[in-house]
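A.B. asks: Chains as they are written, first to last, in our numbering: chain A, 1211 to 1425; chain B, 780 to 1294.
Heads up, a few of these hints could be off.
Said to hold, decoys possible - Computed footprint of chain B on chain A; a stretch qualifies when at least three of its residues, placed anywhere within it, have a C-beta under 8 Å from a C-beta of chain B: (1) 1228-1234; (2) 1242-1255; (3) 1261-1275; (4) 1304-1310; (5) 1334-1344; (6) 1365-1377; (7) 1404-1414.
The set of hints was computed from the structure by calculation and includes no laboratory data.
Heads up, the beta-carbon is just placed ideally off N, CA and C, and yes, glycines get one too.
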Amino acid sequence: MSHPPDRPEILDSDHLSARTREILTARLSVSATQPQTLSFQAYAVLDALLPVLLPLDEILPASTDIAMTARIDAALSGPRDGWRFADLPPDAEAWESALLTLDDVAADQHGLRFIHLTPDLRGALLDAVMDGQIGLDRAGRLTASQMKRWSGDLRGEIVDCIMSDPRIQQALGISSSLTGGDTVFQGFTNVGPDSREDFEPKATAPLLQMADSSE
Amino acid sequence: MSSSTLMKTFAETDIADVVIIGSGAGGAPLAAELARNGKSVVVLEAGPAFSAMSHTPDEVAARELYWLHERLSAGTNPQAFGGNNSGTGLGGSLLHYGAFMPRMDARDFHLHTETGKGVDWPFGLDELLPYIERVESFIGVSGPAHYPWDPDRRYAYPPPPANSAALKMREACDALGLRHADGPAALITRDIEQPHFGTRHACANCGACHQGCRNGAKSGTVNTWLPMAVAYGAELRPGCFAHTIERDSSGRVSGVVYRQDGLEHRQKCTILVLAAGAVETPRLLLTNGLANSSGQVGQNYMTHVSTQVWGEFDEDIRPNRGYPSLTITEDMMRPKDADFVGGYLVQSLGMMPATWGQNLARGTTTRGPAFARALAGYNRSAGMGINGECLPRPENRVTLSNEKDAFGIPKPLIEHSYGPNEWAMHHHAARLLTQMWEAVGAKDIRVIDRAAHMIGTCRMGTDAGSNVVNPVGRSFDIDNLWISDHSIFPSAAAANPALAIMALSLRTADAMLKT
Chain A
1211 MSHPPDRPEI LDSDHLSART REILTARLSV SATQPQTLSF QAYAVLDALL
1261 PVLLPLDEIL PASTDIAMTA RIDAALSGPR DGWRFADLPP DAEAWESALL
1311 TLDDVAADQH GLRFIHLTPD LRGALLDAVM DGQIGLDRAG RLTASQMKRW
1361 SGDLRGEIVD CIMSDPRIQQ ALGISSSLTG GDTVFQGFTN VGPDSREDFE
1411 PKATAPLLQM ADSSE
Chain B
780 MSSSTLMKTF AETDIADVVI IGSGAGGAPL AAELARNGKS VVVLEAGPAF
830 SAMSHTPDEV AARELYWLHE RLSAGTNPQA FGGNNSGTGL GGSLLHYGAF
880 MPRMDARDFH LHTETGKGVD WPFGLDELLP YIERVESFIG VSGPAHYPWD
930 PDRRYAYPPP PANSAALKMR EACDALGLRH ADGPAALITR DIEQPHFGTR
980 HACANCGACH QGCRNGAKSG TVNTWLPMAV AYGAELRPGC FAHTIERDSS
1030 GRVSGVVYRQ DGLEHRQKCT ILVLAAGAVE TPRLLLTNGL ANSSGQVGQN
1080 YMTHVSTQVW GEFDEDIRPN RGYPSLTITE DMMRPKDADF VGGYLVQSLG
1130 MMPATWGQNL ARGTTTRGPA FARALAGYNR SAGMGINGEC LPRPENRVTL
1180 SNEKDAFGIP KPLIEHSYGP NEWAMHHHAA RLLTQMWEAV GAKDIRVIDR
1230 AAHMIGTCRM GTDAGSNVVN PVGRSFDIDN LWISDHSIFP SAAAANPALA
1280 IMALSLRTAD AMLKT
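Same shape as in the complex, but just chain B (with noise of 0.2 Å):
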């Protein structure tokens, strides 16, 4: 945040235009969009407010960056959260975020309609794509000069140098004649006077996104759209978990009360946004018994199938290093020899050493000397990773657990299987990415069966009847309620799903300017 900006500040009697729970790639658009509009916005933050130089490559102690408060993770497959997930503090998950920012596919938006499985979303790209291409202009995306899947597709800054990984997957690529080319990555490639904010400099390709990036170079909401927030008189209040969503005898949201410094306060408003993401939005909801007459709070809780092979190579490759994720390549979107609907987008992986070895020892048991081996290949690493579709199940969802949490609320339970659509992917990717790595000699190959991100739980659509809210993410049965986060997807797509979030954060705000 720019030091020289002096916030505005909220008593807590005044009543709010609009409070946002939340200051990630969900709530920070659209505090920007709504103070810039003249309402009087509060973000509660339940994290801190963190310093970027501060941030460290450390990836124990850049733990700091991740929401620690106890999920309880069940299923078949249940999901590791912590690293690369949720996160806490002014920023939210875009702090730790790995900057990775494909479109979502035109298909992925009415998957149910090309195939019969899955949901369509209530509208299509044509919808979503201005303001796309608004959150890219303004929050800065490199990408490659050409983009062989949309050869009308423009991006400001040319893409970070590429690491040993993007090397290597090229030239796989190219042995199975695989089209490939430099990724979205939400990042700039020269200094830049970022307006509310001020100086962000290049990316100086240190490798350590997902710990925070300590330059600016990396796009958050941080650097973009929270300062932008302030610059229009909105408030942002770090250090505030909110819990109870108070109403009137009409039934409407007259305010939240929030914990900060271990006192209990309450903020009044006349809207309330959560931007929470998909565990902690559902949450709210389920504890405080709200907007769920559909019942599908909490439901068709999704992930993105993120199988990863790793490889080791004969040369240095020093996987820490540069930009992590930079070749991609979407022709898996559709692949003729299908055994799933859908489809998924492939990445290079770099990868910082802890992370790197945690995927080694969960997915392995080797032990022993050959384990000390097998960590100590880590220079010579390599990998390649998925982002795909993963379809709503109803066996897949959000609820209260029986245990209460340090604030004695209920901890949220996950529950994740992956159905017969996942496991098809998973192996076709397995397949594919192991196939691509012995094709350029890449030896002691390794398969990591993964699912990352989360998605769902509060369903958007047309019918109230089964789902919580309307296409611009207006509860169906609160009108002063509204939702702006990936809880509301109705599918996973296989797209990274940040670029997503905050294009649809920007939509909301119009809808909520109309109203």
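Just chain A, with the same shape it has in the complex (with noise of 0.2 Å):
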């Protein structure tokens, strides 16, 4: 198999609970309809900076679009984690106020909003924001030092995301859903190294390829 199938075969194994498997599901069909959350300039930056950030070329086939921005501004209006950095505003709010602080600072040092600078420059400034180098000190937006505390933030909720979707873990092969059945809760048998279950995922992504042939 060269790539995931649109839907990925672990949903359908009996190793999988009817409510994972119904968690997992979820993620499948969330679309870009329109912003939850964020106003449309900061989605349009978020959309931009995501492929930049964590690029999923190399794990996932061209045509399969996980709506990581959709699911990310959605889940910014959700259950968050319960915490966060005393010194960021509430985690909507950061996130509106960082993604157009980003926007501001590409314009000024660019003459360019955010969405139109190549790929290269957009990681430049990304690097520069973790880095604590970019910031704005006025209303509404972010200081260089919050900018870099809602870096983690960020890079935090893409792997959420990205890791918690049943087309990454069949790609890369991740068992962590397949922990047992409504019925039957089997378990693993086989725990220590080189000892796949028949059961359990063999990497697909691109990247692995060469690893999982080695197996």
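Starting from two chains that each stand alone, build the complex the way the hints lay out.
C.D. replies: Okay, here's the thing in structure tokens:
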């Protein structure tokens, strides 16, 4: 198999509980209609930033869109993780301000909105954010130290979105959702190195193909 | 909870002998012990009653087990809350804890006497040991036949199978000449009938301990102490957020006001026990302005230095499989080359993918294809982590912020900064664990600087001027107010706190029954 099918095989495993199947399946059908949390401007910045921060072209086929921007935007209005940095405003406000800060800095430095920058320039701005070099000291925007803090939240949110996606789990050969079904709770029999069980997915991601074929 | 048990209920007009706020490691053993001795007990739990089989390994959905009322994190090492921290729901944090169950080292009770730093506990291991053994015996703890650092110790269940990370850590210890063993884990490895609960199945090695155990193998309060409490007539009330402590004209506690389904309720009581943890317990006292003549409520917030070191291997590791943290070494409890006081435990680490990815994401600034490749290395990754002493420091504390939550109560502000001792321990561990992974051929070795657990804020001691509660957990200021959780720990010690919390809870129950 050279790429994962539209519906990842792990979703049909009897090692998956009905509840977990429902949770994972719901993630397949999120589509971008319009922003639920962010403004159109901030949403567009996030959409332009994600492929530069974490490109998925070596993991998923080009035809697969996991709607990361829409899912992160929706997650910002949902239940959060129970804490935030005291020096940042509440999450939804922090994200809106951070993304608009990036857009303003892009305009100041390059005379273009963030979405019109080349990927290299977008990447350089992101690196500067993570280094604590970029920020704006005015209302509705974040300072450089706040931007640096927020960049950790940004990275964490992306990883939650990616690693909990059944298409990514299938592509990376991750069996963490397959802890056991409802009538039989199978768990794992093999837990040591190089002992994949038959029901566990093999990696299909292009960047892991070489490693997997040597298994 | 056993479905055949009919739970006794109390009217709000009844005066319960004891109301306990919190149903986790601090509240549940006490509830069971008091009920067994004939006391009328009501347990108020802010979260819901979960069904074990409904737990899901999906890490985003499993956040339902975490305390999600927002906390504000500050200081130079602002602590991440949420995951693997405070819990919610009947069972408290033990719903999602990792079940790693080492005993406190005898030396950690007397750190100040030993080193001149930190704080002594008002008693030693000999005082707590009988309670520790009772806890281990009742809830079920697995461990090795021979424990190298304590040859007399026995465990009732053999250890679960060693997963990839545990096997790799054994090799790494051997390479450096460190002793290692299967660590004590609060799970059962054969089916049993748990008194007052029913069948608990042997661990299935599913690896999702932190997302909630689905077959009852992990020893929490929900399959041990809480059903026992109910069997002896205690009432568990989930979905009840306690916020106001009422007092009579003499200043003694007379009852608790809590919100359930959007409505305010009041439960009168003769004794109130706070078992809400190192943030919510002091928050309750601070918002109500109680029990703080010492000025110590909220002070000396502590964590554990919990540095992790991860590496990638040539083999297919699959870190989600098997009990996550089986191998232990206690050889670093007082390392000879230490430039710090106290010590740390080292454990192997498997991990679920989003949690692992969060650590990678927050601990590095990789971007672009390199970030994608790092995440794609999940199935080849194994980790080791430490739990180490964190000294009490005046700048680390829980206070009330200026922001209100949905109930109109100030959100807690938690300030947490490492001092020189914590940094020295972190660097020592980072060096050692890196060396260990290098010795067994790990590549792309990555050090994650992090703190875990929450300890302190309502210190226990003999002097009323500098402690919130006496050595059995009773408030110095209000004689019918007690605290039973990790907020009373005078020092952090190195061991994961759950076992000591439960042992102290039984000890506090004994003291209450004698008064």
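A.B. asks: Which of the stated hints cannot be reconciled with the structure, identified by number in ascending sequence?
C.D. replies: 2 and 4
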